[in-house]
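Peer 1: Take a look at the letters that make up each chain.
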Amino acid sequence: MAAIPAWLMLLIAPFIVLNAVIGMVTYVTLLERKFAARMQSRIGPYRVGPHGLLQPIADALKLMMKEDVVPTAADRRVYNLAPIVFLIPCMLIFASLPFAPGLGVADVNIGILFFLAVSAMEIVGLFMAGWGSNNKYALLSAMRAVNQIISYDLPFIFSALVPVLLAGSLKMSDIAAVQQGSLLKWFIFYPVIGQLAFIMFVVSTLAAENRVPFDILEAESELVAGFRVEYSGMKFALIQLGEYAHMIGSSFLGALLFLGAWSGPGPEYLGPLWFLLKAMFVFLLVTWIRWSFVRIRVDQILALSWKVLLPATLMLLISTAVVVVWRTGGF
Amino acid sequence: MLDVNNTTRVELDWSGPERLQMNMGPQHPSAHGVFRAILGLRGETVVDVDAVIGYLHRCHEKLSETLTYAQYPSIASKTDYVAAMTSEFAYVLAAEEIGKFEVPKRAQYLRVIVAELQRIASHLLWLGTWCMDMGGALGGGATIFLYCIREREDILDLFESLVGARLLYGFFQVGGTRYDLPDGWVEQCRHTLDRINSRIDEYEQMLEDNAFFLARTQGVGVVSRELAEDVGISGPLLRGSGVNYDIRRNAPYSSYQDFDFTVPVETAGDCYARYKVRMVEFRQSIDIVRQALDKLPSGPISSRPALKSVAQIRIPKGEAYARVEGPRGEVGSYIISDGSAKPYRMKWRGASFSNLAILPHIIPGHKVADVVAIMGSVDPVFGEVDR
Amino acid sequence: MASNSGATEITTVVGAVLRAMAATLKNLFRKPITVHYPDKERKYPSRYRGLLALTYDKDTGEENCIGCRLCEYVCPPAVIKVEMLKAEKRNYAKTFSLELYACEFCELCVQVCPTDAIVMMKSFDMPTADRREMLLDKDRLHKIGLDYEQSWATGNKLRDMQTPPKAPAPAHPKPAAAAAAVPSADPVGPRAETV
Numbered sequence: 004m005a006a007i008p009a010w011l012m013l014l015i016a017p018f019i020v021l022n023a024v025i026g027m028v029t030y031v032t033l034l035e036r037k038f039a040a041r042m043q044s045r046i047g048p049y050r051v052g053p054h055g056l057l058q059p060i061a062d063a064l065k066l067m068m069k070e071d072v073v074p075t076a077a078d079r080r081v082y083n084l085a086p087i088v089f090l091i092p093c094m095l096i097f098a099s100l101p102f103a104p105g106l107g108v109a110d111v112n113i114g115i116l117f118f119l120a121v122s123a124m125e126i127v128g129l130f131m132a133g134w135g136s137n138n139k140y141a142l143l144s145a146m147r148a149v150n151q152i153i154s155y156d157l158p159f160i161f162s163a164l165v166p167v168l169l170a171g172s173l174k175m176s177d178i179a180a181v182q183q184g185s186l187l188k189w190f191i192f193y194p195v196i197g198q199l200a201f202i203m204f205v206v207s208t209l210a211a212e213n214r215v216p217f218d219i220l221e222a223e224s225e226l227v228a229g230f231r232v233e234y235s236g237m238k239f240a241l242i243q244l245g246e247y248a249h250m251i252g253s254s255f256l257g258a259l260l261f262l263g264a265w266s267g268p269g270p271e272y273l274g275p276l277w278f279l280l281k282a283m284f285v286f287l288l289v290t291w292i293r294w295s296f297v298r299i300r301v302d303q304i305l306a307l308s309w310k311v312l313l314p315a316t317l318m319l320l321i322s323t324a325v326v327v328v329w330r331t332g333g334f
Numbered sequence: 008m009l010d011v012n013n014t015t016r017v018e019l020d021w022s023g024p025e026r027l028q029m030n031m032g033p034q035h036p037s038a039h040g041v042f043r044a045i046l047g048l049r050g051e052t053v054v055d056v057d058a059v060i061g062y063l064h065r066c067h068e069k070l071s072e073t074l075t076y077a078q079y080p081s082i083a084s085k086t087d088y089v090a091a092m093t094s095e096f097a098y099v100l101a102a103e104e105i106g107k108f109e110v111p112k113r114a115q116y117l118r119v120i121v122a123e124l125q126r127i128a129s130h131l132l133w134l135g136t137w138c139m140d141m142g143g144a145l146g147g148g149a150t151i152f153l154y155c156i157r158e159r160e161d162i163l164d165l166f167e168s169l170v171g172a173r174l175l176y177g178f179f180q181v182g183g184t185r186y187d188l189p190d191g192w193v194e195q196c197r198h199t200l201d202r203i204n205s206r207i208d209e210y211e212q213m214l215e216d217n218a219f220f221l222a223r224t225q226g227v228g229v230v231s232r233e234l235a236e237d238v239g240i241s242g243p244l245l246r247g248s249g250v251n252y253d254i255r256r257n258a259p260y261s262s263y264q265d266f267d268f269t270v271p272v273e274t275a276g277d278c279y280a281r282y283k284v285r286m287v288e289f290r291q292s293i294d295i296v297r298q299a300l301d302k303l304p305s306g307p308i309s310s311r312p313a314l315k316s317v318a319q320i321r322i323p324k325g326e327a328y329a330r331v332e333g334p335r336g337e338v339g340s341y342i343i344s345d346g347s348a349k350p351y352r353m354k355w356r357g358a359s360f361s362n363l364a365i366l367p368h369i370i371p372g373h374k375v376a377d378v379v380a381i382m383g384s385v386d387p388v389f390g391e392v393d394r
Numbered sequence: 132m133a134s135n136s137g138a139t140e141i142t143t144v145v146g147a148v149l150r151a152m153a154a155t156l157k158n159l160f161r162k163p164i165t166v167h168y169p170d171k172e173r174k175y176p177s178r179y180r181g182l183l184a185l186t187y188d189k190d191t192g193e194e195n196c197i198g199c200r201l202c203e204y205v206c207p208p209a210v211i212k213v214e215m216l217k218a219e220k221r222n223y224a225k226t227f228s229l230e231l232y233a234c235e236f237c238e239l240c241v242q243v244c245p246t247d248a249i250v251m252m253k254s255f256d257m258p259t260a261d262r263r264e265m266l267l268d269k270d271r272l273h274k275i276g277l278d279y280e281q282s283w284a285t286g287n288k289l290r291d292m293q294t295p296p297k298a299p300a301p302a303h304p305k306p307a308a309a310a311a312a313v314p315s316a317d318p319v320g321p322r323a324e325t326v
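Protein chains in written order, with our numbering: chain Y, 4 to 334; chain C, 8 to 394; chain B, 132 to 326.
What the hints contain is simulated information worked out from the structure, not anything from laboratory work.
Note that the Cβ used here is the ideal one computed from N, Cα and C, for glycine as well.
Be aware that a few hints might be false.
To be verified - Quick list of in silico lysine-lysine cross-link-like pairs, PhoX-like style, CA-CA up to 20 Å:
1) Lys288/B to Lys189/B
2) Lys315/C to Lys212/B
3) Lys324/C to Lys354/C
4) Lys374/C to Lys139/Y
5) Lys171/B to Lys288/B
6) Lys37/Y to Lys162/B
7) Lys315/C to Lys288/B
8) Lys269/B to Lys189/B
9) Lys37/Y to Lys157/B
10) Lys302/C to Lys112/C
As the list claims (entries may be wrong) - Chain Y residues, not near chain C, derived (Cβ > 12 Å throughout):
11) Ile15
12) Leu57
13) Val72
14) Ile91
15) Leu106
16) Leu119
17) Val205
18) Tyr272
19) Pro275
20) Trp277
21) Leu279
22) Arg330
Could you put together the complete structure from these sequences and hints?
Peer 2: Structure follows, in structure tokens:
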């Protein structure tokens, strides 16, 4: 590793991470489809490749070959830029994630801050998509989305800050390092605070990702795909890519903050594998919730956020601070 | 009123109340069929509903004047295609009433069994599609939808072994039924009913106390008792608003008086009340079928000779209106016969058609997302609406 | 809407959420009910109303159809067209065309046929890319009758099921043949076959 000049590392590492992320995103769609299918007494994709393993490739090929239909009255610049503006923050969050001690693109010392800030930037792309489509459904959906994501970013941030307080650092690898050693050191097992924070994190992630029960903005039964409705072909693929990338990024964040990142039995080089498994566990948890509930209305979503989650996470954060100071003998 | 021919582009004006006209068009994932609702929105609230129907009009009533009493029951299934047995039932009852034909006891019990099984199947479809509308095709709604369809497949298998068809039957004939039970059907039926009973427990487990479900359905689409009695709705829509009216109890037909069942009535009038009414109807229908299977008399299945030619069934001059309690409400058939083999005039009273009249009264004031919840709980089938 | 105004309300909400998730989890471990059609054949019940066909007499090998046109008259969408051919001992059908794409599969033609000539098959497998292939003429109808398995229902059996018994004969006219092939005690039916 030392022989490779730093500037070359700066080119290679992001390249590898980006490709890995894109590969993972495509196969995570298959995982979700098979998992959801099994919960619904059916099998998911089956015929394309052995047990459907080539289905994501087939989907990608199909989307690439589709005709790119642009509505005549759409605002072309905004419409065309929106998928890109949506995708970039979703990919950028992977830059700050360390996959093993020392293995990451840019493990900055404000890692959490970077992650949370950048992941909130997808709203811009989302609204651009809704606005540029010149479509009432898309516009309604985009407005709902802005409402929802802004409302839920606060509980998301507060619940993500609980592990930061417990670890005492904004740097992601520090937070992960504190949880190494034994199973009980994982923040999810921290008495009361850990579990509550994890639950609130999962709920906020669901909402920030527009997953059922908070997927009012893409409610097919009313809004027929919401802000994505006018996109077809590769632009649609980019939007899907961004959504799932954000989803996986949040899963990785959840695994890192609460489930101890790369801690696990066995030799050290298995660390990233454990990290991946834990991230998939968080992802499947979110998927399980997604496929079990009906969605709630937008005013109920906002009520839940401002009246329930925000006070709850705020109080949790304050009590975490109190507990931390008390434990370190500050009183 | 809404100007449906307005083709100019509307600029949203942020300085005043935003008024938007949104079309929930005839092609829509949750329109329950072909139904167009022109919603006038102010922000997210619906202020105006203009319902446009007629996309599925197939001239049933004219068709019935050209088809004989022997042919039409197979076609009658196609009005309410989700609950095909009840549609045929109404037509055949009307014809029998004019001609004063006796229906043998066994045929009556068979009709009851089949009608109640159809009610279960129709309510399963209602629950599945309603939850799918509310929960999304990529979400919890789809899960419940697939569970309900899995159960409905069992009932359709029962019908398939009885009649040979899964959706549109042709089971009823003037004077009785066309088919009798094959061997082993009774055991298969009992087994299916036990399974469905336990599966409904699962659905209730998933939905009953579910905070999200309750948030979506309680207080939504409230139909007051006065409104219900004024507008002329029927079925679970009526019984969810406190009116204790069920044709099987108030005007029993086909031996329904022999069976012991309760008619569920709820007073809240919202979507949740209608949900509870239908969930109880599930159990009661299962109970009725079990009672009918236990008490099934032996005997002929038709009081008229077997169908040998198309104009065989002639009905004397007269007119009659017969109604049955379908899963959606009162399905009625009014026949004027002139003594020949074809009716002179036949009129369908579609339950969903009259139920849809409630929409302009209950939707305004709700959000867009509630429109689908309300439409689902009204449970229209557009074959019945447009005929 | 769920609020944290009381601890009991929170526990109800959380309990309900967990119960719903438990129900989905239970289904995760159930066997899927998918039938791998067309790799696995679907078991059709004995009374299945499938494709239509004309039959030959089992004993003599002659065509059963006497060209009486009763099926043509009874068909609600009028898809059958028959021309009669008169001969010495009995009549035949000169031409017999059936528009399968418009057929309603109501089985009325089977019901009225006096000689059990037209029957329905226990199969529906006739996919085609050209609708004209579904305009069946007499030869194709006879061929379908030989290719697939016949359903239980024929005209005489259906009419015997319906006619009230004249004599103190069997309590209700239940044909013995039905015993053979009812999709039996397996209530899950063809869907027992899975991945």
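Peer 1: Could you grab the alpha-carbon distance between Lys269/B and Lys189/B and see if it respects the 20 Å cut-off?
Peer 2: Status holds; Cα separation ~18 Å.
Peer 1: Assess, step by step, whether the Cα of Lys324/C is no farther than 20 Å from the Cα of Lys354/C, and give holds or violated.
Peer 2: Judged against 20 Å, a Cα distance of about 16 Å means the pair holds.
Peer 1: Do the alpha carbons of Lys302/C and Lys112/C lie within 20 Å of each other, as the hint requires?
Peer 2: holds, 11 Å
Peer 1: Check whether the Cα positions of Lys37/Y and Lys157/B lie no farther apart than 20 Å.
Peer 2: holds, 16 Å
Peer 1: Just double-check Arg330/Y for me: nearest Cβ-Cβ distance to chain C has to come out over 12 Å.
Peer 2: holds, 35 Å
Peer 1: Hey, does Ile91/Y actually stay past 12 Å from chain C on C-beta?
Peer 2: holds, 25 Å
Peer 1: Against chain C, does Leu106/Y keep a CB gap of more than 12 Å to every residue?
Peer 2: holds, 34 Å
Peer 1: Can we trust that Trp277/Y is non-interface, i.e. its beta-carbon lies farther than 12 Å from all of chain C?
Peer 2: holds, 30 Å
Peer 1: For a C-alpha distance cap of 20 Å, please report whether Lys315/C and Lys288/B respect it.
Peer 2: Holds - the C-alpha atoms of Lys288/B and Lys315/C are around 12 Å apart, at most 20 Å.
Peer 1: Over 12 Å to the closest beta carbon of chain C is the bar; see if Val72/Y clears it.
Peer 2: Consistent with the label, Val72/Y stays out of reach of chain C, its closest Cβ about 17 Å off (over 12 Å).
Peer 1: Checking one constraint from the list: CA of Lys288/B to CA of Lys189/B, max 20 Å. Satisfied?
Peer 2: Between Lys288/B and Lys189/B the Cα gap is close to 16 Å, so the pair holds against 20 Å.
Peer 1: Would the least Cβ to Cβ distance between Val205/Y and chain C come out above 12 Å?
Peer 2: holds, 15 Å
In this structure, only the earlier hint numbered 5 is contradicted, and the remaining ones agree with it.
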